[in-house]
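Chains A and B, in that order, are what the protein sequence lines are.
Read in order, the letters of the first sequence are residues 1 to 381 in full-length UniProt numbering.
Read in order, the letters of the second sequence are residues 1 to 607 in full-length UniProt numbering.
Certain hints may be false.
[Claimed, not checked] Simulated pairs of lysine-lysine, BS3-like, Cα-Cα distance not exceeding 25 Å:
| no. | chain 1 | residue 1 | chain 2 | residue 2 |
| --- | --- | --- | --- | --- |
| 1 | B | LYS575 | A | LYS302 |
| 2 | A | LYS204 | A | LYS225 |
| 3 | A | LYS322 | A | LYS225 |
| 4 | A | LYS272 | B | LYS577 |
| 5 | A | LYS168 | B | LYS551 |
| 6 | A | LYS209 | B | LYS297 |
| 7 | B | LYS250 | A | LYS195 |
| 8 | B | LYS237 | B | LYS297 |
| 9 | B | LYS551 | A | LYS203 |
| 10 | A | LYS148 | A | LYS286 |
| 11 | B | LYS270 | A | LYS347 |
| 12 | A | LYS168 | B | LYS560 |
| 13 | A | LYS203 | B | LYS560 |
| 14 | B | LYS270 | B | LYS250 |
| 15 | A | LYS195 | B | LYS575 |
| 16 | A | LYS322 | A | LYS345 |
| 17 | B | LYS152 | A | LYS209 |
| 18 | B | LYS296 | B | LYS250 |
[To be verified] With beta-carbon atoms standing in for the labels, derived distance ranges:
| no. | chain 1 | residue 1 | chain 2 | residue 2 | range |
| --- | --- | --- | --- | --- | --- |
| 19 | B | ARG318 | A | ASN224 | 53 to 59 Å |
| 20 | B | ARG149 | A | ASN13 | 55 to 61 Å |
| 21 | A | GLN125 | B | GLN593 | 39 to 45 Å |
| 22 | A | ASP290 | B | GLN593 | 35 to 41 Å |
| 23 | B | GLY587 | A | ASN224 | 35 to 41 Å |
| 24 | A | LYS285 | B | ARG149 | 20 to 26 Å |
None of these hints come from the bench; they were simulated from the model.
No residue lacks a Cβ here, since even glycine has one placed at the ideal position from N, Cα and C.
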Amino acid sequence: MISSAYIHIPFCNYICHYCDFTKFFYNRELADQYLKALENEMVTAVGKKQQAVNTIYVGGGTPTALSYEQLEVLLKVIADSFDVMACPEYTFEANPGEFDERKLALLKQYGVNRISFGVQVFDDQMLEKLGRNHTVADVYENLRHFEKQDFQNVSVDLMYGLPGQTYKDFESSINEAIGLGLPHYSSYSLQIEPKTVFYMRNKKGKITKPVEEEEAAMYELLLNKMESNGIYQYEISNFAKPGFESQHNLTYWNNDFYFGFGAGAHGYLPGKRTVNMKPLNHYNKKALEDGLPRLHEETVEKRDAIEEQMFLGLRKTAGVSKKGFEDRFGLSINSLYRRELDYLKRKEWIEENEETIRLTKQGQLFGNIVFQEFLLEDEKL
Amino acid sequence: MSNNQIKQDNVRNFSIIAHIDHGKSTLADRILERTKALTQREMKEQFLDAMDLERERGITIKLNAVQLRYGAANGEDYLFHLIDTPGHVDFTYEVSRSLAACDGVLLVVDAAQGIEAQTLANLYLALDNDLEIIPVINKIDLPAADPERVTKELEDLLGVTKDEVIHASGKSGIGIDDILEAIVERVPAPEGEPEDPLKALIFDSLYDPYRGVIASISIKEGTVRVGQRIRMMQTEKEFEVTEIGVFNPKPTPKDSLTVGDVGYLTASIKNVSDSRVGDTITSAERPASEPLPGYKKMNPMVFCGIFPVDASNYNDLREALERLELNDSSLQYEAETSQALGFGFRCGFLGLLHMEIIQERIEREFGIDLITTAPSVIYEVELTDGETITVDNPSMMPDTQSVSEVREPFVKATIMVPNDYVGSVMEICQAKRGAFQDMQYLDDNRVNITYEIPLSEIVYDFFDQLKSQTKGYASFDYDLVGYRASNLVKMDILLNNDTIDALSFIVHRDFAYERGKAIANKLKDLIPRQQFEVPVQAAIGNKIVARSTIKAMRKNVLSKCYGGDISRKRKLLEKQKEGKKRMKMVGSVEVPQEAFMAVLEMDTDND
Numbered sequence: 001m002i003s004s005a006y007i008h009i010p011f012c013n014y015i016c017h018y019c020d021f022t023k024f025f026y027n028r029e030l031a032d033q034y035l036k037a038l039e040n041e042m043v044t045a046v047g048k049k050q051q052a053v054n055t056i057y058v059g060g061g062t063p064t065a066l067s068y069e070q071l072e073v074l075l076k077v078i079a080d081s082f083d084v085m086a087c088p089e090y091t092f093e094a095n096p097g098e099f100d101e102r103k104l105a106l107l108k109q110y111g112v113n114r115i116s117f118g119v120q121v122f123d124d125q126m127l128e129k130l131g132r133n134h135t136v137a138d139v140y141e142n143l144r145h146f147e148k149q150d151f152q153n154v155s156v157d158l159m160y161g162l163p164g165q166t167y168k169d170f171e172s173s174i175n176e177a178i179g180l181g182l183p184h185y186s187s188y189s190l191q192i193e194p195k196t197v198f199y200m201r202n203k204k205g206k207i208t209k210p211v212e213e214e215e216a217a218m219y220e221l222l223l224n225k226m227e228s229n230g231i232y233q234y235e236i237s238n239f240a241k242p243g244f245e246s247q248h249n250l251t252y253w254n255n256d257f258y259f260g261f262g263a264g265a266h267g268y269l270p271g272k273r274t275v276n277m278k279p280l281n282h283y284n285k286k287a288l289e290d291g292l293p294r295l296h297e298e299t300v301e302k303r304d305a306i307e308e309q310m311f312l313g314l315r316k317t318a319g320v321s322k323k324g325f326e327d328r329f330g331l332s333i334n335s336l337y338r339r340e341l342d343y344l345k346r347k348e349w350i351e352e353n354e355e356t357i358r359l360t361k362q363g364q365l366f367g368n369i370v371f372q373e374f375l376l377e378d379e380k381l
Numbered sequence: 001m002s003n004n005q006i007k008q009d010n011v012r013n014f015s016i017i018a019h020i021d022h023g024k025s026t027l028a029d030r031i032l033e034r035t036k037a038l039t040q041r042e043m044k045e046q047f048l049d050a051m052d053l054e055r056e057r058g059i060t061i062k063l064n065a066v067q068l069r070y071g072a073a074n075g076e077d078y079l080f081h082l083i084d085t086p087g088h089v090d091f092t093y094e095v096s097r098s099l100a101a102c103d104g105v106l107l108v109v110d111a112a113q114g115i116e117a118q119t120l121a122n123l124y125l126a127l128d129n130d131l132e133i134i135p136v137i138n139k140i141d142l143p144a145a146d147p148e149r150v151t152k153e154l155e156d157l158l159g160v161t162k163d164e165v166i167h168a169s170g171k172s173g174i175g176i177d178d179i180l181e182a183i184v185e186r187v188p189a190p191e192g193e194p195e196d197p198l199k200a201l202i203f204d205s206l207y208d209p210y211r212g213v214i215a216s217i218s219i220k221e222g223t224v225r226v227g228q229r230i231r232m233m234q235t236e237k238e239f240e241v242t243e244i245g246v247f248n249p250k251p252t253p254k255d256s257l258t259v260g261d262v263g264y265l266t267a268s269i270k271n272v273s274d275s276r277v278g279d280t281i282t283s284a285e286r287p288a289s290e291p292l293p294g295y296k297k298m299n300p301m302v303f304c305g306i307f308p309v310d311a312s313n314y315n316d317l318r319e320a321l322e323r324l325e326l327n328d329s330s331l332q333y334e335a336e337t338s339q340a341l342g343f344g345f346r347c348g349f350l351g352l353l354h355m356e357i358i359q360e361r362i363e364r365e366f367g368i369d370l371i372t373t374a375p376s377v378i379y380e381v382e383l384t385d386g387e388t389i390t391v392d393n394p395s396m397m398p399d400t401q402s403v404s405e406v407r408e409p410f411v412k413a414t415i416m417v418p419n420d421y422v423g424s425v426m427e428i429c430q431a432k433r434g435a436f437q438d439m440q441y442l443d444d445n446r447v448n449i450t451y452e453i454p455l456s457e458i459v460y461d462f463f464d465q466l467k468s469q470t471k472g473y474a475s476f477d478y479d480l481v482g483y484r485a486s487n488l489v490k491m492d493i494l495l496n497n498d499t500i501d502a503l504s505f506i507v508h509r510d511f512a513y514e515r516g517k518a519i520a521n522k523l524k525d526l527i528p529r530q531q532f533e534v535p536v537q538a539a540i541g542n543k544i545v546a547r548s549t550i551k552a553m554r555k556n557v558l559s560k561c562y563g564g565d566i567s568r569k570r571k572l573l574e575k576q577k578e579g580k581k582r583m584k585m586v587g588s589v590e591v592p593q594e595a596f597m598a599v600l601e602m603d604t605d606n607d
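Just need the whole structure built from these sequences, with the hints factored in.
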């Protein structure tokens, strides 16, 4: 029933200026403790029975910040709980310049078959401004490692809407990224989040994001470039050659269940969303004690699930399946959301056929306004 | 503990004035303890009793005046009334009436901080009321205390000698005896004849749902008794006294109060507007010929429109205003309809602070989200047909063709400020169309400046500017001096080519272009991008004087993945939806609440 797992490794050798995920500076002893705690959390939830799963995603933080030995411990812990060798999509996040061929070989050995590669931009100056520690040269060196270790399913992350980034800057990053001929790309616009260096700088007026027109133009450029190179958009921010869509990400957009292991990790289990404790010592203590390091759990009522099915599902270019919705909730989308659908169709933000409802190209630009329409009023349901 | 045995010569009525944080309440506590009004334990219990009552019955008991008994060094017993002044110094009038109930004040100054603007404002009120001033330097046991310097300040300011300044510490009890003896020796006993016609000053008035209005009174002449018919000399309303008493500190009913007594009175008064602060209570049978001096009917000077964000809250808003009016004789309101904002009320206030307090209370205590329009004053408009009308709502200003003259209220603004800031103050006053009247040096350092300024300029951001430009040192008071003709025009604001009545304002023609430009730019920033381009125009009559453009929204989609944190995505969407609800759909444009106050804030931005 739960066929995906997200595993969070909250350690980094450096902290990016925009990052608001759960992360701590890497420290050998803390990481050792953490892996023990993580093991107990996973064993408590699924046991050591090598359960079959469709996707495993190890993210961070920086999973590759762990030492070789620790990486091996982590891989073993995961392999104890899940049948990694039979797992069709087993992804590790890796940051350029932060791993070598030896670590990569280890990942391969334990069944990892996909790498999400945090390139962000092809511009050393910009990388420095982002607080990243790598250079474009690191990217190319690691790409050779992927090739040698025969990792073909590699995805690259690209950022846009960055302070000081021009349309041209982004265009050259896209061109260079596409030139690598990889099967998958994700591209996110910068969000300036509280408790980050960027947030502080932005508040003080030291940095500003490009204006909305510019950012919209960058997004449209992204869509065009990907399309003209045969890399299809399958979600607002994700592009892939056919067959290389991230099954793990699709778990989220399909509103399916997933485990969330590790400090600050989020999971979705039948009927509830789970959030783990964030501070390392709290997480470690509780996970070692009883394997349940929960900060809290939120019950997902039917109305929540319905809303989420819509605002997550519409992110996919495939849209929301009418039949899938009806099978899951026993209700028809068209009757429940008649008024909203009429309005959004009039706006030409969504389109529908017999089977599905999905965003138009224009609707993609205004996703938040579209999604908001699917939050149900109190009197409904 | 009857006060009958204590003769009028041994009564002392005083108040404590101090800057916030200079230790007023600790000092008051020490005085309460030392006068043995109650033992410490009793005091706690008594106060708790009062609070429980408050909780159970919803009665608000405010200790406006505490009666204390003090055995002085000369062997005689004295009756003290310690009278509280309202916390908001901005309610200058209320403070002045509380002080009018006294014969002396303790001027408490922090030994480290020295004299501050707020203390000064109250001190001048005390001087106005011809009160004996006892300077007290408090917190002298603090490491940072500098009593020498503060004594010098007091000497310069009050012309007192070093010996007259009392050093004290409310915290450790130092100097409390000196203070009490000084009250006995320096504060004069109340004058007045118990047999003369009654004159009782109302210095506070509070509505209680069970007993009606409870008036705090100070008896200046004559005697008041339970059952007596009384008359309010200003409003000419008559009532029968149902209860009188003193706080010692719990409310203690008495049969009568006479000259020098300070206490409370109830008389089944339904509304505080019938028992106005500053009014004189006299006997209906044997009325005094003259009321006590200093009464001012506080007429609203500032008006604004108040509308519920959610139209269905209109009746709740009316109820809230009705409830607040019971306890606030200066609040006025009448129904108003705006094309842009729908049904609401045009409300009148004493000033900006009063306006803010009422708005906040409606939002907080009654849970109604409000949209308020920028404040306006009352204009007198002479029409070409000779008729004169008053306009308190800019959108109701008649067309220029039918107007022969517009008059606006002017005030005499009195600003007291340290020497160093005279330049800044004059600059602000000039920019606010002020006409210089006078400048006087109060001492080596302090200057009193008077200007005549249009009230409409004051209600904008005058006080804020004054405070920020003088680092809070300026104290400021104003009095209406009358109406004068001004070259005023109505400025209309158009959004997407529709005139938005709630955004109209009156402006001097010389400043019209500049203000129109400022507000068009401000609105461009305050109103979020819509799905289409929205022109913002400022117009006088048919003439557009300024324009800006709110560009169409181009992109609004969250791209980030958030590592499966769906709750966060949901919260963002919910917040966005909530924000949309707090916007007002005006014509085809969604306008946030702040935009309706934009007229107010633009001056600050121009600096």
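Structure-based check of each hint:
no. : hint                              : in the structure
1   : B/LYS575 <-> A/LYS302             : holds (21 Å)
2   : A/LYS204 <-> A/LYS225             : violated (35 Å)
3   : A/LYS322 <-> A/LYS225             : violated (31 Å)
4   : A/LYS272 <-> B/LYS577             : holds (23 Å)
5   : A/LYS168 <-> B/LYS551             : holds (23 Å)
6   : A/LYS209 <-> B/LYS297             : violated (55 Å)
7   : B/LYS250 <-> A/LYS195             : violated (51 Å)
8   : B/LYS237 <-> B/LYS297             : holds (15 Å)
9   : B/LYS551 <-> A/LYS203             : holds (23 Å)
10  : A/LYS148 <-> A/LYS286             : violated (41 Å)
11  : B/LYS270 <-> A/LYS347             : violated (57 Å)
12  : A/LYS168 <-> B/LYS560             : holds (22 Å)
13  : A/LYS203 <-> B/LYS560             : holds (21 Å)
14  : B/LYS270 <-> B/LYS250             : holds (24 Å)
15  : A/LYS195 <-> B/LYS575             : holds (19 Å)
16  : A/LYS322 <-> A/LYS345             : holds (16 Å)
17  : B/LYS152 <-> A/LYS209             : violated (56 Å)
18  : B/LYS296 <-> B/LYS250             : violated (31 Å)
19  : B/ARG318 <-> A/ASN224: 53 to 59 Å : holds (57 Å)
20  : B/ARG149 <-> A/ASN13: 55 to 61 Å  : holds (56 Å)
21  : A/GLN125 <-> B/GLN593: 39 to 45 Å : holds (42 Å)
22  : A/ASP290 <-> B/GLN593: 35 to 41 Å : violated (48 Å)
23  : B/GLY587 <-> A/ASN224: 35 to 41 Å : holds (36 Å)
24  : A/LYS285 <-> B/ARG149: 20 to 26 Å : violated (55 Å)
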